[in-house]
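As a plain string of letters, each chain reads:
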Amino acid sequence: MIPLYFLLWLPLAGVLLLALLPSYRLAGHLNIAISAATFAASVWLAWDVLHTGPELSRGNLFYIDAFNVYLVALTAFVGLTTAIFSRPYMQHEVERGRVGPRRMRLYHSMYQGFLFAMLLALTTNNMGVLWVAMEAATLTTVLLVSLYRTPESVEAAWKYFILCGVGIAQALFGTVLLYFAAERRLGPDRGRALLWNVLHNHAAQLDPAVLTIAFVFLLVGYGTKVGLVPLHNWLPDAHSEGPTPMSAVLSGLLLNVALYALVRVKMLVDGSLHTALAGHLMMGFGLLSFLVAVLFLHRQHDIKRMFSYSSIEHMGLMTFAFGIGGALATFAALLHMTVHSLTKSSIFVTVGHAAQLTGTQRIEHIRGLIRTQPTVGWGLLAGTLAIAGFPPFGVFMSEFLVLNATMKSWPWLTLPLLLGLAVAFAGLFRYVQPMVYGIPPPGQVRVRANMLPVAIHLALVLWLGLSIPLFLAHWFEQATQLISGSLPL
Amino acid sequence: MADQLTGWLFAVLQTLLFAGTAPLLSGWIKRLKCHLQNRAAPSLFQPYRDLAKLFGKNVVLAQNASWLFRVAPYVVFGAILLAASAVPLVAIPLPTAAIADVIVLAGFFALARFFQTLASMDIGTTFGGMGASREVTVASLAEPAMLMAVFTLTMTASTTNLSVAMQHILDAGLVLRPSFLFAFLSLAMVAVAETGRIPVDNPETHLELTMLHEATVLEYSARHLALIDWAGMIKLMIYAVLISDIFLPWGIARQLTLPAVAVGVVAVAAKLAMLAVLLALWETVLAKMRLFRVPQFLGFAFLLSLLGLLMHVILESAL
Amino acid sequence: MHPDNLGVFSQGILVSAALVLFTSFVMLAQARIQPLIYAFAWQGALLSVTTALVALVSGHAHLYISALLTFGLKALLIPWMLYRLTQRLHIQFDVEIVSHPSLTLLAGAVLVVFCYYVALPVAQLSTLVTRNTIAVSMATVLLGMLLMITRRTAVAQVIGFMSIENGLFFAAVASTYGMPMIVELGVAFDVLVAAVLFGVFFFQIRSSIDSLDVDRLDRLSEKGD
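Protein chains in written order, with the numbering used here: chain A, 1 to 489; chain B, 1 to 319; chain C, 1 to 225.
Everything labelled a hint here was simulated from the structure, so no lab data went into it. Fair warning: this is a prediction, and the values are worked out from it, not measured in the lab. Among the hints, a few may not be true.
Listing some non-contacts, in silico: residues in chain C with all C-beta distances to chain B over 10 Å [said to hold, decoys possible]:
{"id": "1", "residue": "60"}
{"id": "2", "residue": "96"}
{"id": "3", "residue": "135"}
{"id": "4", "residue": "145"}
{"id": "5", "residue": "150"}
{"id": "6", "residue": "199"}
{"id": "7", "residue": "216"}
Covered stretches of chain B (in silico footprint by chain C; criterion: 3 or more residues with CB under 8 Å from a CB of chain C, positions within the stretch not fixed) [as the list claims (entries may be wrong)]:
{"id": "8", "segment": "175 to 186"}
{"id": "9", "segment": "291 to 302"}
Glycine is no exception: its CB is placed at the ideal position from the N, C-alpha and C atoms.
Using the sequences and the hints, build the whole thing.
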């Protein structure tokens, strides 16, 4: 459990340290260092869990199994690469005068605060603490969304705050009901009744009626954070108006963690209900989100907004896949979580550079990236290809598996899925093609762009598309077995 | 037979007591208000003198007054008096208890109001019509609130009969019921509106623009006016008795023995005196609200009674 | 659970629970800023009284701590912070135009009925003294949401948000005699941080649109500008 303590204490110490550090240049480096150390701790933890199996910390406060350990590693990894990207990017923003050094302190401190909240949400064994961490994730990021203090960003942050706050409140109500159901069965030992491993072991004894109501509330609550339609309104605003590194971690990590929470809850509810109700609800909301987001993709003028709708689309797809529930679909959803997170954060990084070199986020004003700065242009093109599900990228692989699973259990639903994917593909390329190839307007200048994170992410996604490494496949299999109860393939 | 006779005797006596002490209550409230507002207070018996003076005068009638105009005061007074006879003032087991039903009570009030508003339109002056329309507006909003509040109480006692409900409450002993709290507030607000007190109406002025009740009786004089005023006093007393006897029924006589009835008289006098203090305070602290806000006021009263009903169902049911 | 058969403290729980709900309705109807804050403070105070009574009846000592925490946070600190903020922003005497006030209140009453039906299966399973108040706590949550929907000023929305939190805390007390202490402390911490952040946001909104009317935050939408 030693790596776990490192994993949580490091970002927490980072919050304080970076809040006190006056130099934002130094803070940028320190931010990378802390993120790197956190990533190292997560690898260590993953190594431990891979060899010794699920671990329960002393005091039962933390529980690490195959499902969350790979998300921990993913979170720490994307946290690290985004920190690497963020240092020169934010420095450039300071030079442009969009943020002052004082706000940079807030930025760096809250960056680590956000990572801490994510990691806490992933590792905790207590459903109540999970809620607290999810709320904390909102609280740490809300001031970052309004970092630029433009009217738009303040509006986006306010919406984000209010909608997510109210949404997540529903999840707390669901948690209370969960506790209620558990406490009746597990007797007077009050501390245990919210522990996930205890709940999971006794899921069959929990009252189905109460758990049904609890699940509805939890679905609405965590679903708001996942960005499920019709509770998605905050997401495009928050993603488009905040600083780009924030968009990358929000899209790549926060949505994942919210979905993680939802799946954990689903596992409990499935154990109690013995019906597919939870799965069907998730399928319905997932499919709805997928289709609505796909249509909205076509109506965008802001490049970050467009990709945030793409995030909703993919989260919808994952929710749908988890909803189907079989081994294959779950495996596909887990894989999709990984590749989407990697791809989407790399896209936001590229988009950030593109916005800096053109000085705008308006799609019609971004032209000819590949001529002005070929690396950015290629990066955007490759990222878009990957996210649109082109072979041989990993997204193709996971989407193919989702379609496969759908074909097996809900054949007629493959049609809207295929249609949606095609429409999304058309929407993305309709806008991205001129941005990459068009004629650059005068005054477009090159910027210092660190494309290393993008390259690493896309290479990983490519690798995952071609062959899943053995240790990762092993993880996915274990996680799939945990969630769906059977082995994939 | 003898029992029944004493019963009826008591019933008649109680009704007379009701009618006889109603002006006293009004005088007491007026006195309290004057004291609270640092004014020289009229005598406690001033309302009696006013009534006597009015009864001694000659009636002045408008030329186009119809029979309706002349009959209305008697109908109003009669209906209110009948209503008063139905409300248990000092004792519960009376023969009139059979008609002591809340819905009957509301019916009597509605009858009185109906005739009063008709009569006020009879002459055809603007003020009469204006007053009638305002009076009916207030009544149409107050009545549902009142009925809803009363239903909350009757749901606890499972009857709409006042006597039986009081028996039930007395039997249960002192119980804190959230529904009663809301019903009490709602009923108090309705009573304020129905009896034309501040903040809905000001009983002491004839300020043209804000009149409600006064506008409907503007054309009356002498004994007609006396009857209507007296009926108004009795109505105020009925509401006061209703509120105090439903929510705090302790002290009311449960047998028709002399000591029990004596206790009942003292208890109800004390309760009414206290309630009058509250009303005087309320009228001193608050100002009359604009007419347009009266629907909001009554809407809130309705909401309170609705909440009372819901609280009864949610919190006080056995599941 | 007939109140006739309960002890006086259990009756007190029911009465104070009803009053908590009543304050929710008062907030819905109250258009002026300062009385709105007072109503919110009263709700917090009543909530802590309810919690203390539940602690007394059930014998769960940890609920006294929760009651104290609630009183400090929801009845004193947060209302005081809001009060100070309204003073510093010079909006303490503002009156908001509430559209369709009676309709809003009626909708609130409908929500209460809805909550009754949703909470019925839960309440039927429960054996606690407080089981009848589960529906009330849920109604407090939904009424807070209604407040947020019907209001346009940031302060009123924040009060709605905090009132939702009140309702959630109430739900925990009513259905399970409170959550484990660690969760309760975490939630309280989150609420406190949220309150501070809201304060920061008042100033940000004010400086960006010269008003606290959040309806005027309408630059971002899908109208395709």
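Taking the hints in turn, this is what the structure says about them:
no.: 1; hint: 60; result: holds, 21 Å
no.: 2; hint: 96; result: holds, 15 Å
no.: 3; hint: 135; result: violated, 5 Å
no.: 4; hint: 145; result: holds, 18 Å
no.: 5; hint: 150; result: holds, 15 Å
no.: 6; hint: 199; result: holds, 32 Å
no.: 7; hint: 216; result: holds, 27 Å
no.: 8; hint: 175 to 186; result: holds (count 7)
no.: 9; hint: 291 to 302; result: holds (count 4)
Consistency with the previously given hints fails for number 3 only.
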